[in-house]
Each structure stands twice: as C-alpha cells, then as structure tokens.
Amino acid sequence: MLLGWLVLTLAQSVWANHQEEQCVTTVFSAYNYISFAGLPTKGMWDTRCRNTLEVASIYAATEIYCDDIERAAGLTRLAAECQEFGHQELLPKDAVAENLTDDAIRNMRKVDYQELSRALPVNEPVIISQSYFDLVFNTINSWESVSWLHHAFSYAGYAYWGGIMSLGMALRLSDWKFHRRQRQTERVIEANVYPFLRTLEHTPILGTMIHWLHTHIMTPAPLATRGRHLLGCAFSTRAEALVVLGFWVLSTVFSIVGYHTFTGNIYYPDIPSQVLRYSADRTGIMSFANFPLLWLFAGRNNIFLWATGWSFASFNIFHRHVARVATLQAVVHSVFYVIMFFQSELSTDALQLRFKMLIVSSNDSRKSLERNDQDLRAGTIAMVILLITSLDRIRIATYELFLIAHIVLSVITLVGCFYHTVIFEGNEYWKYLWPSVAIWVIDRSLRIMRLCYCNIHVSLSHKGLMKTTVTSMTYDERTDVVRMEVTPGASSLHPLPGQYYFLYQPFRLTGWESHPFTIAAWSYETGDHSSLTPTSLRHPGNLSEVSHMPLLSGSSSDQAPLTILGDASPGGKEPQRLKLIFWVRPYDGWTRHLRQKCLSAPSLATETNVLLEGPYGDTFPIWRYESVLIIVGGTGIASAVPYIQDHLRRSVQDWERDSQSEKTRVRDIELVWTARQAAFIRDVSCRELKTAFDRDDFSASFYTTGDSTTCTENLNELELNIQRGRPHLQSLIMSRAADASSAGSSLVILEGPAATATYRRLLKFKRDKFNKCSNCPDSDQ
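Residues -16 to -1, 1 to 765 (mature numbering (1 follows the signal peptide of the UniProt record, and there is no 0)) are what the sequence shown spells out, left to right.
Read the hints as simulated data drawn from the structure, not as lab findings.
The beta carbon of each residue, even a glycine, is placed where N, CA and C say it ideally should be.
Hints may contain errors.
[To be verified] In silico lysine-lysine, DSSO-like type, Cα no more than 27 Å apart, as pairs: (1) K94 x K77; (2) K451 x K581; (3) K563 x K674; (4) K563 x K451; (5) K563 x K581; (6) K563 x K647; (7) K674 x K647; (8) K26 x K77; (9) K94 x K26.
[Stated by the list, open to error] Listed next, with one range per pair, are the computed distances between beta-carbon atoms: (10) F408 x Q327: 21 to 29 Å; (11) A589 x I426: 36 to 44 Å; (12) Y142 x A64: 24 to 32 Å; (13) V392 x E68: 34 to 42 Å.
All chains should be built: construct the whole structure from the sequences, respecting the hints.
In structure tokens:
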C-alpha cells in the first residue's frame, strides 16, 4: 500500500508540472486551425516554430492568457519540442518584438473557432478569442486528464497485485519468525504462549473472526455446490477465487470510469464519440500494462513463489486470469477502433492528435494509421487464439501442440505490440513491453543455469572428471507405471518433500519440451549401500540404534541393504551419489514415448538421457503437528512418500542438534491411498513403504478401483489389506478431527493431487477446529 501511495504522489506531482505547461500548449494548439502567409507554409512544426506571423501570434496570446510561471514553463517546452520534433530552433521573441508591444497586441484582430478558413492564409498576427481559448483548453485538458488516468489506472493493477504479494510475504515472514522463536524457546512457548493463544481463540470476537476466516475464506472451495469450478474456471481455494474476482472487478471498473466529456470538444464534438475514443485507448493501455504480470506469473523462477510460499499452480491461476482480462481489453480496444474507422474518415487534426507530435505529413499519417490498424488486428487475433488454445480441454488433450502454439503466439503478440506502438512519440508504450521481455530473458537464463547446476559437475580433485546425469527406466505392465531412477550429475542437491523437477529428454526432436514430476523418493548410494541422508548430515552414533528406521529400498532390487544414519561406506573411499525416483503414469505424448521405449527393451528396462531442472516447490512443515492424515490417489503417492521419509529422519535421536532442523512432533501418521491397480499398491508397499510398517506411529489403508475383489495378502512378511472401491473421506476426516479435538492435539491433512492441480490449504485446529493442507506440486502424472 505504501508503494501505491508513493506512485500516486509522484504521478500527482508530474501532473501538476504538466498543468503549468498547459496554457501555452492550448495557445499553439489553437493556432493549428489557422493558416498564416509567409515562409514556411507547410509542416506543423515548421510553421509553429519558424513562421514569423504564427510565432508572433503565439507569443502575443501567451501574454494575454498565461501568467509568468505558465508562460515560462510552456515556452520552454515548446522550444524543446521544436528541437526534438521539428529539428529546428523556436524563433526568439526578439525576432518578432515589433509585434509584441502593448499597442500591437491590443490592436491585433481577435478570431473565434472556425472563423477563418484554413484554405485562406492570413497575412498578419491574430489573437484567439477567450471563447476559442477556453474551448481548446477544455478539449486538451479533457484529453490530458483522461490520458493520465489511462496510465494511472493501469498502474493500479500493479498496486493491487503488489498488495496481494505483500500480504502473502507478510504471512510467510510472520510464520517463519514465530516458528523460529518457537524452536529456540520451545518449552517456554508451550508453557506460556499456547495457553494464551487458546484463550485468544476462544474470545468472543477474535476467536470467531479467526475461525470464520479459515472456515469460509482460506480453506473451502469457491462454491460449496460446484466444487472447485466457478464460471468455467478452476480454483484451489476460495481465497484464490476472491483474489481473481477482485482483479476482474478492478479492471472492469477502471475501464469504464474517469472519462471527462463535454459537448463541443474540438476533436470529438459529440459525447458518444469521446467515450468511444477514450474507452478504446483505456482498454488498450490497460491491456499493455498487464503484459509484465502475464510473463511474471507464468515464470518458474518468479521470485514471489519463494517470497510468499504459494504454489506455482496458484500463480498459474493468476496468470490465466490476467491473460483473460488482457485479451478481453485488447478485443474491446480493437472493436472500438474499428467502429471509429467505419464511422468516418479521420481528419488531419484528428490524426495529429492520434499520433501526438509525430513528424509525418498527412499522407504519411494515413499510411501509418493503416499499417497500425493491421498490427492491431494481428496482435488481437493472436491473443484470442492464445486464449482459446489455453482452455483446459484443449490444453490437456493436445499439450505438446498447446505448448508450441503458446510460445509462438506469445512471441507474435509481443512483436506485434511493439510494431503497433512504434509510431508514437518516444515509444511511450514500450515501457509496458520491455519489462515482459526482461522477465522472459531472466526466467530462461535461470532455467539454463538450473539445468547446468543439476546435470553437470566438474570435480577438480579427480583431474577434471565431469559427471553428468544418468537415468534408468523400468516399466511394469501390472502397475502401468514407468519407474524412473535418476542420478543427477550435481552432488550438492538435497531433496525435500514437496519438491518437483522438470524433466527434459534432449536428444529428441522435441527435446526442448519439459515436463514436471514430483519427487517420489530418494536415497544416497555408496557402492552397494543406500541411506536417506548424505554423509554430511549423519550422526556418528550407534548404527544399531537406528537401523530399524529406514523407509526406502533405494533401488530396483530388494537385496541392497539400507541404513538411515551411520557410515554406509566404512572405508569412505567411494563417492556418494544421490538417486531420485519418479513414477510416471503413461498417457499421451512424451510419457507414452517412455513406455514404448521400455517395451522395446528385452527386460522392460532401459537407460535414457534425461536432464533435470529444479528443484521447485515448497515444503509444508507437517512435523509441527501431532497427528497427520495423508490422502492420495494413484501416482499422487509420490507426494506422500517424501513426507513419511522426512518424518523418519526427524524421528532419529539428536536429529535437531545434528542437522540444525526442527525435530518432528508427529505422534502418528495415517496413509489412505486409492489406486486403480492393486499391483501398484503392492509394489510401493514392498519397496518404499516396507520399513514404515514396522513403526508404531504409521498406519495405512489401501483401496483399489480397478480390481473386482477385496484381498488380504502376505508379501515378504508384510500383510496388506486392499479394499475394493473408494474410502468415505468425509466420515474419515470428521472422525480424525473428533479424535484430535478430544485429545487437544493438532491435526494436519495432506492431500495428493487429483489431477494436475496444486493447492495447499491450512486451517489451524485446536480442540474444535481442524488443520487441513495440501502441498502437491504440478505434475503430468
């Protein structure tokens, strides 16, 4: 908000300075409608700056209608514009001094608007009448004030999103500071602060307000009756829908208010014509102003992703609606100008206003107008096609085609906008376009840097040995899942729950494409040994005390031993390598190509070239809560395993002291997983989840929608009960909430992605409230 006030204050000061110049601007603009004899006889700036009779008339009129401050500011501006646009000096007063005496000015002929025909040049200086001056002044003042509002209302969009981002950053900062203090003085806080917070939450006013805010704004879907879809658009939470709705309202209101109109306007005599022209310009400028927001919200390296802790999917929702608003404004802008062109031929004076100080002849102006109109139509059509191809059904059905079209059409739109506005003085509208280019270049550069960082490692200690990313794939026909094990070239990556990477396959025809996948699991490999933590984080304690803690098998084979802590390589001679595991559900496009490549291999396993870009995503701190309920579906289990894995690491004694991280407070974790293939449940349970079943604080319920019967199986001494159908989530959640309420503990619910949506919702639960969140990154799984 402070930034918004500073911008408005600066704009007001600039506008005040501009008003001081407006008197002289009115004078020399009024003389555009009068022709003078003498040389030069042609060219707006030639006659305005060098014709003796016109310059003398301008000086004389300023003596009558302008005060000393206005005269000095206005004549300074006129002299500067003569040099900039006319490439010549303004005749000084001394050159026409004989016409500027008091008697000469008093005896000059006064003329009204349209009293003199432009086809008949006058051969003496003349003075415009008071009514003529007022009419031109009101016309220019109306134009300038509305033009100022065009840009001011465009900046209001930046102030709106700046306020939203500031609120998100403030919430993230306060959360970080509170939990940092909580970690340092845990006992004091639990003894003093928690009782105080419980008291606050149960006060009649504040407690009701907090509960209402979380219950009705932060957590629920936009509409209770229609799920997460509102007016054909998908939203994760009601808060996102309200933010988007606020932007739509702001853009709509600012597109239709603030027009200063009056009857008799020199450029547009009737009020409908004025409204039509002002609306066309307003919507065009506001559409341009949305371009930097479009590119910012679409970027993977958007700094606000880190600053607010919001998901990429939230910003993608913002990106789509900013794009829709900008496209609608561009369409209105184009339609209104087409209407104006069909209504009448633009006059020379209107052209001069249209191109404001542009140094071209009337014929050149008309040619420029025609070319400008073509650029306008091309850019608008490209934006409309962009919007159509971005619709959910089209994007999901033909993602690769959508991606190519999106990039190509975005470039066409941006280039078309540059050409569309090249005719304006000083390229004044490019200030909205160059930031978009800069944001795109920065984002692409950071992507390349991430690619190099993740996939290339040069070890100087090994005589310049360079390591690159190595990938193996295995396809299981029973589970219909491709298991991808990636060993990054970088040795300094430290995965966290909730993170995801973009995967490239560079040596394909479409190798520039990238696909996001959640990290399903990871391990640190040293020879034949695996562990969940890198050597730098291991506590040199008794290995036997923690050998029962591991979660991951870390490889395709169940034979490799796994430890969580301790030195996996007694000699310490072999380098440790990180292995990332991704589960890929084959559909169309690239994922189907991966499956086909595995099927063409003899053992359904093969190696391929894959590059990583990341990590992206944010970790939700489930370790701050006593009870955790994880609900996932299909390959959404990839979002759950890392959190279970992280809980096991944090459960180790002295973890907080050794790793400088917060020790887990979780007392129990319950996993509810529904999958189409029961074979996938069996496979993950026997690998990634096997050791978790040995713990008292972990339980799981499995459901299948593909198999026809419920079954109980013993696999490698692991008993699995896989039920047919789907769980009744409402009763499950309410039961867990009631248990947490009766125990006076906190409950957090982690939801896996139902499709490719990403959302995280948090509602603090103490006694009669429950805490719910979802933190699952975008995925093509």
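Quick one: which hint numbers does this structure break? Sort them smallest to largest.
none
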